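Peer 1: From just these sequences and the hints, can you work out the full model?
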Amino acid sequence: MLASASARAQVLQIDTAHTLFHESPTKTNMTVYTPALDVTVNPAEWISVRGGYEADVVSGASVSTKAGPAYQAANPGIDVVTTASVKDLRHAPRGGLTLRKGDVSYTAVYTYGTENDYKSHNIFVAARTDAYEHNTQFEISYARNWDLVCDRIQAVNDAPPRFRAIEDSSGCFTGSDPLRTRHALGIDGLHGTWTQAWTSIFATQLVYTAQILDGFQSNPYRSVILAQGLKAQEYHPGNRTRQALALRLNVFVKPIKVAFRLTGRVYRDTWDITSGTGELEAERYLFEGFRAAARFRYYKQSGASFWSDDYTGGEPPLGPKGQYWTGDRELSPFSSFALGARFTYSLTPKGTGRVAGVFAGFKAGVSGDLVQFSYDEFTLGGAPITHARAFIVGLNMSAQF
Amino acid sequence: MRIRTAIVLVPIFVLAAGCVTVKPQQRAVLADPIMQFEGDPQANAQLRHAIENREGSYGGAGVSGGGCGCN
Chain D
1 MLASASARAQ VLQIDTAHTL FHESPTKTNM TVYTPALDVT VNPAEWISVR GGYEADVVSG
61 ASVSTKAGPA YQAANPGIDV VTTASVKDLR HAPRGGLTLR KGDVSYTAVY TYGTENDYKS
121 HNIFVAARTD AYEHNTQFEI SYARNWDLVC DRIQAVNDAP PRFRAIEDSS GCFTGSDPLR
181 TRHALGIDGL HGTWTQAWTS IFATQLVYTA QILDGFQSNP YRSVILAQGL KAQEYHPGNR
241 TRQALALRLN VFVKPIKVAF RLTGRVYRDT WDITSGTGEL EAERYLFEGF RAAARFRYYK
301 QSGASFWSDD YTGGEPPLGP KGQYWTGDRE LSPFSSFALG ARFTYSLTPK GTGRVAGVFA
361 GFKAGVSGDL VQFSYDEFTL GGAPITHARA FIVGLNMSAQ F
Chain C
1001 MRIRTAIVLV PIFVLAAGCV TVKPQQRAVL ADPIMQFEGD PQANAQLRHA IENREGSYGG
1061 AGVSGGGCGC N
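Same order as they appear, the protein sequences are chains D and C.
Going by the working numbering, the first sequence opens with residue 1, and the numbers climb by one from there.
Going by the working numbering, the second sequence opens with residue 1001, and the numbers climb by one from there.
A portion of the hints provided could be inaccurate.
What the hints assert, rightly or not - If you only want the chain D side, here are some residues facing chain C, beta carbon under 7 Å, derived:
id, residue
1, Thr19
2, Thr34
3, Leu37
4, Thr129
5, Trp198
6, Val207
7, Thr209
8, Arg242
9, Ser275
10, Glu283
11, Phe287
12, Gly365
13, Val366
14, Ile392
Just so you know, the hints here were simulated from the structure itself, not pulled from any lab data.
Just so it is clear, the structure is predicted and the values come from calculations on it, not from any experiment.
We put the CB at the ideal spot given by N, CA and C, even for glycine.
Peer 2: In structure tokens, the structure reads:
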């Protein structure tokens, strides 16, 4: 952030990043490849125009029907947890511009997201200013989503315990299937950041995020067994307010020439999930232009107020236990830790020259992370999740012309 | 109570920041890529996207949106 002004002298910048995520815990697996490309043009010092594209290529299997240990005990030998094959492709083209005047800049970006069963329009606007002789930066931003989620048209007289999940995305947003409908989801996000240089080797960043979601937030493909013989589509509350506060510290330790980045984050929402995150990253140059970083992250959260590993046993006997039900392990109490490393090589020309006679600057990075999840309560019909490890590999390049 | 405390304390710290003077010639280390909070914003955003999609919480890093096929 403090050095971003150097990029303004470039006319054209191309950034590309690729991430591969793979996870294969008990009964399921998921692989997601995320490529992205952004092009930024600076026709004048006061304006930057950018356009880009990102995708998510998803394949694997996820839980489609979730049952608790009580149902499994009453139905021994039956595989009460079924998985569904998932293949999806999300496209997200985006474009925007940044205007600058003195120490102030304004940014606006529009992103359109589309996949077979989900459509999204997102606008993002931000204002940023420097203060106190550039030792301080303030940024405030707002984002708004207008999303649509595909679902089945449920029977008129049915209540949520009788709702059925959809099996696949066929007929979604095409108008070809009269049994398909769409639900709206609106998301408002507010974000404030205060970045402060305190000394020549120490800077902090305080970040506050608030988000309000209003609309359909369930997974339309997932079912939960509520009682003997009663399988219902996952049913989440329609409103959710989320808040997060993070403090980041960057300090450079001169004797060992290592930069340490420490982050602490607390989070709370109206579904009663609270979480804490701690991150530590250390980075240093191994030789000119080549730097190596190691990072560690720990995360722990409580479950949502309506979370249960077993929704059977409600009143009356065939009724649900509680008003809402979910099969989402992300709403259960769990902890995770991540270990990772990243290597970055930068080429910067001397004086007014160019790298290889072409680039005004070039940077390439590669990273790898291992994430281990530990679920306190989430089981698949009473069987605990094991091998809940995710592997994340990243590659990114940036060239300036 | 904690929110009220934060509402009082944060402006005090912000005002106190005005007393800090790091001169331009002292910012060589702060300007180095290893001291950036978002040195590789595109790569960092993708890593957050991959990790936070498997968690129940969100925020503290950036405002983003859009649906994905991995929820």
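Peer 1: Trp198 (chain D) was flagged as interface toward chain C. Is the shortest Cβ-Cβ separation under 7 Å?
Peer 2: holds (6 Å)
Peer 1: May I ask you to test the interface hint for Thr19 (chain D) with respect to chain C, counting a Cβ-Cβ separation under 7 Å as satisfied?
Peer 2: OK, holds: Thr19 (chain D) within 7 Å of chain C, min 4 Å.
Peer 1: Double-check Thr34 (chain D) for me: the hint is only fine if its C-beta lies closer than 7 Å to a C-beta in chain C.
Peer 2: holds (5 Å)
Peer 1: Double-check Val366 (chain D) for me: the hint is only fine if its C-beta lies closer than 7 Å to a C-beta in chain C.
Peer 2: Violated, about 10 Å.
Peer 1: Closer than 7 Å between Cβ atoms is the bar; does Gly365 (chain D) clear it against chain C? Give me holds or violated.
Peer 2: holds (6 Å)
Peer 1: Mind checking the CB of Val207 (chain D) against every CB in chain C and telling me if the closest is under 7 Å?
Peer 2: holds (5 Å)
Peer 1: Classify the hint on Thr129 (chain D) as holds or violated, based on whether any CB of chain C lies nearer than 7 Å to its CB.
Peer 2: violated (13 Å)
Peer 1: Double-check Phe287 (chain D) for me: the hint is only fine if its C-beta lies closer than 7 Å to a C-beta in chain C.
Peer 2: At about 14 Å, which exceeds the 7 Å cut-off, the nearest Cβ of chain C leaves the hint on Phe287 (chain D) violated.
Peer 1: Can Ile392 (chain D) be said to touch chain C, with a Cβ gap under 7 Å?
Peer 2: Hint on Ile392 (chain D): holds, closest Cβ of chain C at ~5 Å, below 7 Å.
Peer 1: Given Glu283 (chain D) was flagged as interface, is its beta-carbon under 7 Å from a beta-carbon of chain C?
Peer 2: holds (5 Å)
Peer 1: Checking hints one by one. Is Ser275 (chain D) an interface residue toward chain C, by the C-beta closer than 7 Å rule?
Peer 2: Interface hint status for Ser275 (chain D): holds (4 Å vs cutoff 7 Å).
Peer 1: Report holds or violated for the interface hint on Leu37 (chain D), using the least CB-CB distance to chain C and a cut-off of 7 Å.
Peer 2: At 9 Å from the nearest chain C Cβ, Leu37 (chain D) fails the 7 Å test, so the hint is violated.
Figure legend: structure checked against the earlier numbered hints; hints not met, in rising order: 3, 4, 11, 13.
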